[in-house]
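These are the residues of each chain, in order.
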Amino acid sequence: MEIYHLTAHEIRDKLQNKEISAKELTELILKRMKNVESKVGAYVYINDENAVSFAEEVDNRIHAGEILSDLVGIPMSLKDNICTEGIFTTCASKILENFIPPYNATVTKMLYEQKSILLGKTNMDEFAMGSSTETSVFKATKNPWDLERVPGGSSGGSAAAVAAGEAFFSLGSDTGGSIRQPASFCGIVGLKPTYGLVSRYGLIAYASSLDQIGPLTKDVEDCALVLNAIVGHDNMDSTSVSFKGVDYKKALINDVEGLKIGILKEYFEEGVDEDIKKAIFDSLKLFESMGAIVEEVSLPHTEYALSAYYIIASSECSSNLARFDGIRYGYRAKNYDSLKDLFIKTRTEGFGEEVKRRIMLGTFSLSLGYYDAYYQKALKVRTLIKQDFEKAFKNFDVLIAPTTPSVAFKIGEKINDPLGMYMSDVCTVPINMAGLPAISIPCGFKDGLPIGLQIIGKHFDESTILRVAYTFEQNTDYHKKRVKL
Amino acid sequence: MKYQTLIGLEIHVELLTASKIFCGCSTAFGGESNTHCCPVCLGLPGALPVLNKKVVEFAVKAGLALNCNIASVCKMDRKNYFYPDLPKAFQTSQYDMPICTNGYIEIDCGKKKKIRIKRVHIEEDAGKTMHAEDGVSLIDYNRCGVPLIEIVTQPDMTSSEEAYKFLERLKSILQYTEVSDCRMEQGSLRCDININVKSEDSSFVSNIVEVKNLNSFKAAAKAIEYEEKRHIDLLKKGENTNKETRRWDESKNKTVIMRMKENVEDYRYFPEPDLVKIEIDSDWVEKIRTSLPEMPNHKKERFIKDYGLPLYDAEILTSSKGMADFFEEVVKEFQDAKMVSNWVMTEFYRSLKESESDIENIKFCAKDFAKLLRLIKRGTISNNIGKRIFKEMYNSGKDPEIIVKEKGLMQISDVDVIKEMVLKVLEEYPESVMDYKNGKGRALGFLVGQVMKVSKGKANPQMVNKIIKKYLDT
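Protein chains in written order, with the numbering used here: chain A, 294 to 778; chain B, 224 to 697.
Treat each hint with caution, since some may be false.
As the list claims (entries may be wrong) - To give a feel for the contact side, a few chain B residues facing chain A, derived at Cβ under 7 Å: (1) Gly266; (2) Pro268; (3) Gly269; (4) Val273; (5) Asn303; (6) Phe305; (7) Pro307; (8) Asp489; (9) Phe493; (10) Pro496; (11) Asp497; (12) Leu498; (13) Val499; (14) Gly664; (15) Ala666.
Please keep in mind that the hints were generated in silico from the structure rather than gathered at the bench. The C-beta atom is built at its ideal place from N, Cα and C for all residues, glycine as well.
With the sequences and hints as input, model every part of the structure.
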């Protein structure tokens, strides 16, 4: 297999055995990017010079015999809503196209401390709003499995970069499914950790109470390695939890005997592709054959999740995005008559359609006289959804559902159909509402396009999810399939 | 028809924490523009707030001093609006769950009255916009994220006098608790007024008018009086006030309209998702309660009882904790409390005012002040010389005994020496002697003055008086 198609842990072994240097590796990946970037378009900014010189520094440390962590010298990428000091962070929006943060996100800092090598910033739906990476102001990223299709969104650039061999791993953000859905479309592993497990400091907010940063990797073992690197309480984020350090590598166990797995009944109802259903049930058969106990479970409030999600996420986004007003940084309208005019023109010209749609929806939901009918109601629904999950987890160790109702759709297919687009997150959104962790792993193909299996766990029980996912991987080959580009 | 005025106040007070409400930046006043800033207080994309525990402590302290209930759980909310000096385009504040509720302050305007406090909540300050002459606006974000408490009263005040008393009381309570320095000139205490009037039988009620950003207690009182009259005049004409926001124009001595309040401003409040709920431990609250200093009202009562001071003196002395402490320190050394009080309230206050200083910065100590009073009481120096020595002590911090010695200011009480001076003056001003003998009493004062002049102010004035009279009357 080509080097760029190897996993991060395979590369780690090669680096530590000195079969390859970090610099060689970085140059190789940059070359791969040169070859395929024009087709895939995963990146909005490539950090080539810095990456090579940083790789040289890492090599010196390796030669000096410094103790090495699992991610030392591994080339990676970050979604463009994760702040990188001195490097463009644009959220794929015109309003931030010239923004260079004077600080690093906590996760960026942590990966720099691990000596991972930043290759660049990946494309995304503008401000993480979208399910196809088509709302980016720069370009639409293509699905490496089929260049006419979307990679999913909003972390589509990150997912495509990993799938196309343009990074060994990437970080994305998941507000309503934005890590898992593109992971599913691109045939890789994507984990949305428990809310609060990973610091959000430096993640440009879309919806603060739902956003969570997480890894996109080629397999489950890589996922555990990256998770190890980014978890931990952060003094800069008061919603980050001081969770006792767990070594997620220890969760990589090929055994599900005695585990109780719940199948989420409502997630298999109308709208879900038959081939996807079949792939999921085949997976469940595998678990059963290995001694897991599989039963159906009902979460009765599932049908309200998507609408409540859009109220809450839009409400928070209308407030979070209000700071982009053209006063201090980012884009400012050229001609204006008054202060109010400056605000209005800057925001009219700087934001794209989908962002404006959600700002309007959120502003409306929070407005006097509508607050109770929409925002307050949505919060109540959120509580009910949480309770559904709490009840289910009294009887089950993990819950299983498809990640997406369909495989990757064609570019342009849903861009003028916002509701249709929103539906592609129908299986992932409730998990964010409840703040739970969930992973998507490849579990089959339909017409050459990957299918994702979603495994949902209890709060802070990433270990059990990883264990179930790892067991699946060890007994199947879907994760070993690579794109041909 | 008689009218009653209803006045409610909203007061913003900057807390004296060392760092800002959501980050570690300094809260120091002044400093070069935009030097006390970081991504958090600037609200840069991706930055997150972390609540400063000291802010909660100070708010609890203030709440306790204002006799409020302290919430066991409260939260922060976002108040959304666009303004260039509000970097996040929302202010993090408290909406429906303020940290303190239902308190009161007792004021004394002839008789005692409780002014109820509706709520005290925590919020952050915004930056400052400066409009240059060429139409350019500049923004200083140093003040962004400085912690504030907003104190909201019920409309319990009925006159400018009550409002003035309330503000003075509030200021001294907050200074006593050391949660704020309450310096209006530095913007650390800002006051808005809500006012309307109603006829005695409640058949006519004027619309509530808000007067914003009063920059002194005097201005607040004047604005109230102005509005009171304006409301009543309109009601008398059968008209009503508009629901509007006004400001006090110092130069014109009147309020002027800022904006109409036709529509309720919609701030789209909602819970701040970046901060967790604030849980307040009741043991902690009790600990803060026991650490509170004696409040001005209690101190005032005690001063009257323990030192036999009149109410007027006690009120003035206890209005500032620093002054009250100083007074007590002096009295420990020099027991004539009324004399101490007289000196503090006249010479000392005057000097502070003239030098635009406050008690925290004085150069002399209470012991030396007591020494000075002792010198006067014993007759070692005259009262007037005492004033001169005080000035010098105030300026240099020197020991008064040393000043007396160095300058030879000891009072002359030697009868023979005074007699000599008196005879000399009588000889020099025969016309005044004649005037006195012809019944012009004023001439006596002149002659005494001349003797004092000759003695360079050191002669014992009572003795001079006595001796002159003796010579003139014989």
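Right, here's what the structure says about each hint:
1. Gly266: Since the shortest Cβ distance to chain A is 5 Å, the answer is holds.
2. Pro268: Check passed: Cβ of B:Pro268 comes within 4 Å of chain A, closer than 7 Å.
3. Gly269: holds (4 Å)
4. Val273: At 5 Å from the nearest chain A Cβ, B:Val273 passes the 7 Å test, so the hint holds.
5. Asn303: holds (5 Å)
6. Phe305: It holds, given that the least Cβ distance between B:Phe305 and chain A is near 5 Å, below 7 Å.
7. Pro307: holds (5 Å)
8. Asp489: holds (5 Å)
9. Phe493: holds (6 Å)
10. Pro496: Holds. Min distance 4 Å.
11. Asp497: Nearest chain A Cβ about 5 Å off; hint holds.
12. Leu498: holds (6 Å)
13. Val499: Since the shortest Cβ distance to chain A is 6 Å, the answer is holds.
14. Gly664: The hint is violated - B:Gly664 has no Cβ within 7 Å of chain A, the shortest such distance being about 73 Å.
15. Ala666: violated (74 Å)
Hints 14, 15 from the list above are not met by this structure, while the remaining hints are.
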